[in-house]
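Let's have the full structure, built from the sequences with the hints guiding it.
Counting in the numbering used here, the final residue of the sequence shown is number 417, and the numbers go up one at a time with none missing.
Because the hints were derived from the structure by calculation, they are not lab data. Heads up, a few of these hints could be off.
With a straight-line Cα cutoff of 30 Å, these simulated BS3-like cross-link-like pairs (lysine-lysine) come out [claimed, not checked]: (1) K62 to K30; (2) K359 to K216; (3) K283 to K30; (4) K289 to K359; (5) K240 to K260; (6) K39 to K62; (7) K268 to K283; (8) K193 to K30.
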Amino acid sequence: MSFTSLALDKSLTDAVNALGYTEATPIQQKAIPVILAGKDIMAGAQTGTGKTAAFALPILQKLMTELPEQRPVRALVLTPTRELALQVYKSFVSYAENTELNIAVVYGGVSINPQITALNKGADVLVATPGRLLDHIINGSLALTELEFLVFDEADRMLDMGFKDEIDRILNRVPLKRQTLLFSATFDDAIFKLSKNLLTDPELIEVSERNAAATKVEQVLYTVDSDRKRELTSFLIGSKNWKQVLIFTRTKQTADDLAKEMCKDGIKTQSIHGDKSQGAREKALAEFKEGKTRALVATDVASRGLDIADLNYVINYELPYIAEDYIHRIGRTGRAGNEGLAVSLMSPSEEWLLEAVEKVLDTRLLQQWYPGYEPDLTKTEKPARKGGQKQRDRKKALGQSARSKKRTSTESKYGRR
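Given below as structure tokens:
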């Protein structure tokens, strides 16, 4: 189905076509007509399905019909991380290229003053993270009394990061009469409970089996001792000559340590996580996209919103504590109908995490041993435990607001750099 058949204004379809898109994806085909009709929606959509355009295009179309002189914020898009906020903002700017609509973005980790300046100029659409949005509301630099559209992008991740209190505070500042759009990669009891407070007679939109992993992603699981994971990771990348590999770890420390050791193996690697400055993160991502870096190690929070086209390989160096994060992780590959490979490395102590992942997937993953890296079944490993990771993630995300303090090789057997 073409975008022109979705009753979109020519200025929007021209912008979309200029980006190289001519056919609407399934989520766009289902969501755009419903949003244009003025209904609330609860949509299940993973990264790479075209979900941003699914809500951006109809919102822009409805806002185009009237341009108030003062240009108050009429559409608010909430995202869990600044990376996703930037990605959504850039998409809105591209789609609105041929319109007179103003788009703005606010997120933590940077000075608030330029954001205040942008808001004072007027913004029809505002993309924001919860913490920094509340900063602006409290400081008086933003009012949401004229809001018409409220979008929750990756709502499941917002709840995982502990933003329920912030969401409630934001809801107290927006009009009851509004159109609300909720997008989530996974649905669980917490999401359905949230939807009851947010949505009015919503239409449920699902384009694939609920909580399903990306359909074109091949999933491989190797059981390996924890102290040999790094060696196997470097061997797989080097021996198979993989390019652009995104690797997931549970903690920032592991991300840094792994990147450092892989560089010693001859695999040029960088890490990306919340303790790194925005500039450092953007630089690491740019070098990864340009092929200057072969592997990028990321934590779950830092990876949200990363826009990496044509990513073929994902490695779960550690299984996630939050089972739904597995779907988010492997959804970074196999995007837009392309094929991808997701390799998970599981130590014997992580079997309890595998059970949770399989429950979410509603399928069993075949455990395999990689030749030469078979686990030593005579060893006893201490089970991996979560501890306060969710709270630490939440504090890190909140720490990106203005209230936070400013924080202050050669060839090898593993392959070429």
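Tell me if the straight-line CA distance from K193 to K30 falls inside 30 Å.
Distance of about 23 Å is within 30 Å: holds.
Compare the distance between the alpha carbons of K39 and K62 with 30 Å, and conclude whether the hinted pair is satisfied.
holds (13 Å)
Quickly compare the C-alpha distance for K359 and K216 to 30 Å and report which way the hint goes.
holds (20 Å)
For K283 and K30, compute the direct alpha-carbon distance and say whether it is at most 30 Å.
violated (36 Å)
Tell me if the straight-line CA distance from K240 to K260 falls inside 30 Å.
With a Cα-Cα distance of about 21 Å, the restraint between K240 and K260 holds, given a limit of 30 Å.
Keeping to a limit of 30 Å between CA atoms, is the pair of K62 and K30 held or broken?
holds (17 Å)
Please verify whether K289 and K359 have alpha carbons no more than 30 Å apart.
violated (34 Å)
Hinted pair, alpha-carbon criterion (30 Å max): K268, K283. Please report holds or violated.
holds (14 Å)
Checked against the numbered hints given earlier, this structure breaks hints 3, 4; the rest are met.
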